[in-house]
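Asker: Sequence:
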Amino acid sequence: MENTHDTDDWGEEMDSSEHGNTYNLFLGLIKWGSVAVTAILGFLLFFVYF
Numbered sequence: 098m099e100n101t102h103d104t105d106d107w108g109e110e111m112d113s114s115e116h117g118n119t120y121n122l123f124l125g126l127i128k129w130g131s132v133a134v135t136a137i138l139g140f141l142l143f144f145v146y147f
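The sequence shown begins at 98 in this note's numbering and counts up one residue at a time.
Some hints here could point you the wrong way.
DEER-style ranges, computed between Cβ atoms [unchecked claim]:
#1 F147 to D112: 31 to 39 Å
#2 S113 to A136: 32 to 40 Å
#3 S131 to M111: 25 to 33 Å
#4 E115 to G139: 32 to 40 Å
These are computed hints drawn from the structure, not numbers from a lab.
Even for Gly, the Cβ is constructed at its ideal location relative to N, Cα and C.
Using the sequences provided together with the hints, build the complete structure.
Answerer: Encoded structure:
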């Protein structure tokens, strides 16, 4: 089976550590964005019904 996670063939233009940092930033934004949307919806529900 082919190893699709091999970084030997990325080339010089691809910085693997920067790629990892960007990936982690994306995951963090998704996580905290989801928390923010959930909190906003929770506050809206609270103020509409109480």
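Asker: Quick one: which hint numbers does this structure break? Sort them smallest to largest.
Answerer: 1
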